[in-house]
Amino acid sequence: MRDPATPHGTIGQPSDYLHARYTLRSWFFTTDHKRIGLLYLASITAFFVLGAIAAGLIRLCLVVPNGQIFTNDTYNKLFTMHGVIMVWFFLIPSIPSTFGNFLLPLMIGAKDVAFPRLNLLSWYVFMTGALFTMITLILGGVDTGWTFYAPFSTTYSNTYVIPALLGVIVVGFSSILTGLNFVVTVHKMRCPGMTWFRMPIFIWTLYATSLIFLLGTPVITLALILLVMERAFHIGVFDPRLGGDPVLFEHLFWFYSHPAVYIMVLPGMGVITELVAAFAQKRVFGYKFVAYASIGLASITFLVWGHHMFVNGQSQLASTVFSFLSFAVAVPSAVKVYNWTATIHKGNIRLDTPMLYAMGYIGLFVLGGLTGLFLATLAVDAHLHDTYFVVAHFHYIMVGGTMLAFLGGLHYWWPKFTGRMYPEAFGRVGAFLIFIGFNVTFFPQFILGYLGMPRRYHVYPPEFQLLNILSSAGSTILAVGYFFPMIYLIWSLWFGKRAPANPWQARGLEWTTSSPPPPHNFAVTPRVDFEPYDYAIKAREVG
Amino acid sequence: MNGAPGPAQYPLLLWPQAASHAAVHVDWLIFAFTAVTLLLTVPIFLAITYFALMYRSGRQVDRGHTVDRNVKIELSWMLIPFFLTLAFFAWGAQIFDVEQHAPANSLEIQAIGRQWMWKFQHPGGQAEINDLHVPTGQPVLINMISQDVIHSLYLPAFRVQMETLPGRYTQLWFTANRPGEYRLYCSEYCGTDHSVMDGLLYVMSPRDYAHWLSQAGSSQSLAALGKKLFSNYGCSGCHGVGATIRAPDLAGLYGRPVPMEGGGSVIADDTYIRDKILNPDNNLIAGYKQVMPSFKGVIPEDELMQLIAYIKTMESSS
Amino acid sequence: MIAEPVGIELVGHFATVSQQREAAKLGLWAWLVTELLLFAGLFLCALIIRIQHPAAVTLAATHLKFWIGAANTAVLICSSFTMSGAIALSRIGWRAGMLRFMLATAGLGTLFLGLKGFEYYQDYVEHMVPFLAGPYVLARDQATRLFVDVYFITTALHGVHLITGVSILLVLTWQASRPHFLARHQNRIEVYGLYWHFIDLIWIIVFPVLYVLNR
Amino acid sequence: MTRTDWAMLRRVLRVPCITLVALVALLAINVALGATLPFRNVWIVEAGVAACMVAIVLLVSMDLLDETPLIRLFSSIGFFWLLIMFGMILTDYLYR
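Residue numbers (my numbering), protein chains in the order written: chain A, 14 to 556; chain B, 496 to 813; chain C, 1018 to 1232; chain D, 450 to 545.
The shape of chain A in the complex, shown without the other chains (with noise of 0.2 Å):
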């Protein structure tokens, strides 16, 4: 397909990104949202692995009932390490960060996002949080699981709490600017035409994601200062000797952990959406639905987080409003999911590796929300808190939603971002194994959750060993499907074929610039006088 304006997929010239400069210089102090995305990319996969590390040595040891293989200490540590490195240096950056770096201006048709240089200052202030995490693993570690509560993390934990609290509290600055960001981006730097219903739905969830940033992250900075002040220097607030509450802590602390999992799940969902509707051919069903549907769940997920504390003395008033909102909260994910399957009817489909991992989201999605739905419950959170029934549920969420939304973005804008196409065959062996692989790990869990296994145990009952070997075994299926497209995928950056500017006839201003795009994203800035997803007409070629 011809590409009038630029030559298409001739690299080299120095049109692309990627190849206008080569020297550090020009990538440690780039002001280019898509150097600063890949930038992005890089340190959240070094992350991943580490993280991944961390979640193999908690399974090889739970697959012993008596705990020999770590000591408990380390156990502790381990699964505190892995929550904070997965949560805040894997999850919460990995698709507003990189994809929504790279892509947002693109996608509304912008030069670069409204603050260049606060951009780029979000990656280091992302790499100073970073390195207090890695210094506290170097220490020797946190023990307190990423949830830090008080009194334990302030009081009784010998271990390295404040490094770790101090990496938390800077990299939180880093998703406040980024969010920062996106939101004057969008409102401020739409190209002539593109009006919030002709934008795609994917930015529709990075603006949302935005909206959590900036109106949770400030609460948890708080909160952990206030822990490094109880524990550095005894100015206690939550220090029951002095008569001050724990649960005042866990209030301040959910208040932004539940809209933090929606900061992971919902540009996951903007991904999908995207997925769905180019891989179907289809405009997305609903779109102003899905739109909405995006906002509503920004501003209902602040109403939600005291089904966190259903059971720690919690007035039964505030549990039962909890738990309806935690109810209400449901609606706009579940249009989403119906609206899906609608997009996908009669549509024109390829079953490339994007849409497994699309419907491989789908469908964990859906069983990791529904679950929710049982732990929003008063009498079966009674049950089932802090079981493993809470763990498989969060890691349906994420590993099952966020994480194949992530790899499904990864593969779709894979020829954007590098020029070079993945190889399909094995972007489906590695789809399958990730999904096999996943749901012997995690569906084990729920039925130890409902048995009663608590979670964070590093010795359990020898009634529970049949069901953790098989959630062990399931692991090593997983590690083996990451593994897959790290290898391919970098294969592909020297050998892979070349990718034309529209390798999948998908809609969207992304599409009509070159792949990589040059330094600033379009030749002329595009005027946008079409609906988005408008499968209708052929793909439309604009310099």
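These are calculated hints, taken from the structure and not from any lab test. Nothing false has been slipped in among the hints.
DEER-style ranges, computed between Cβ atoms:
#	chain 1	residue 1	chain 2	residue 2	range
1	C	T1075	B	T808	33 to 41 Å
2	C	S1184	D	D454	27 to 35 Å
3	B	V753	D	D515	54 to 62 Å
Predicted, not measured: the structure shown is a model, and the values here were computed from it. C-beta atoms are modelled at their ideal positions from N, C-alpha and C, and glycine is treated no differently.
Add chains B, C and D to chain A, keeping to what the hints say.
What follows is chains B, C and D alone, placed relative to chain A:
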């Protein structure tokens, strides 16, 4: 003991034993909710796979007049799942409400969670570490507190758990109906040996329970032990009969609203009495000069519970 | 008075000047939302401690230096006035007057920090600082420490914001002293003014919450 | 500074002056109430006075009155989130 085989005997346990009516009730809630969930989700899985195969690109099939917006359909599959699942919110809230209000005549066992062991005290004074013996057929209320970090007493056989907080009493009640040996865990992460802080829950028939109590080695009831402490710690010096210092009379105090100095009143429950013993300067009482010394760090948690048990028995007798 | 041209220099990736101006203002308001929620956690702690330990909080609040707090609030209100003055003059191009107002604002900000430092010294002398060495004057009622700790953290966090505010203001004043500043960067004064008014707004909330309401 | 300059200065600084006077007056009220504690639940009045001061600074000093609706939305969304957090946490603490 002739109860059901111990939990460890089951090679592959797929469903937890239920040892109380409420537990079975929760199980029914889960079954029904799973059924409705499958009703809502299986169509999605089938539809996706069917559409993906049926409308594969290259297959000649009728793809005419696709509609991409239908407010009625979208509203319906927003509200129908919501109202369907809302029924389970109501059912769950109803069971939870029952769990929140213990019957008056329940047997009250005191529990203390501390870093990495449980200590239970029966009204008759019997104390046990990590393991808990309870009778069937009678409501049992466990009044619990933590001595250091937040723990959580979790009894999967009754499908209930409640976190123990430092500085505040929390309650949990159940009525066991099936004798046997079950698991008892700490389910809120509390540090190094969090996973070793578990024990066995022995549910016994009332006869076996009485037998166990008799030979469990305890001379005096909790209240009797509390009465002894009441004099040992010098409380009777001010609060006893014929005391020279003007101190509030503790007879019939438990459950009564106490007038505060700054106006308003506070119900004298366990937490209030414990807090007054440890921090007498909190919640100053109207009409009394505060001279009571603080016993923080002097009286341990289990003796506090014995003192409070004694104060509860102080009707207008002394 | 010669009025200088007032305007804004277009930066590369923005299409129009108004787009750049509005983007900067919206960006700062988004940042102020995060600052407000940062302090909201502290106000919440003060409220919950008040609910759980009313007597202790009243006792601790009466030991705070009410009059120094009141004076500080007045100082910040005046600095908010001088900042408004600076913005007003920047809009009509009177750069010299604007510089004087900006320096006045920086001066008042430093006065606030001085008074605050004096108040902390008074607290230390009166043994009102529980986490430092020495006997704590309200040691009888431990719950007072919670409120006093929230007081120190809130005022210290606000102090940090004020220190950064004054230092940025001084840098901005130095930049604005160059001749063609207003023609190219007038929007910086507007945006900075929002930040300064917000620091004043936070103190206008802190003063009643900590000093006045709990007496 | 010529006469017209003074007139221009007075015209430009009129609104900031009025806000200064208003804020100082409200502060004086709060300080007086705080010092004398005239009646029992005086904190309600003090809270109201503080809210007025906050509103004045927001609407006048920060020019929210003549701002685009988008900026007004962003300034009010912060306070609205405050209410959500305070309101829902109070349902826990006031009904324990």
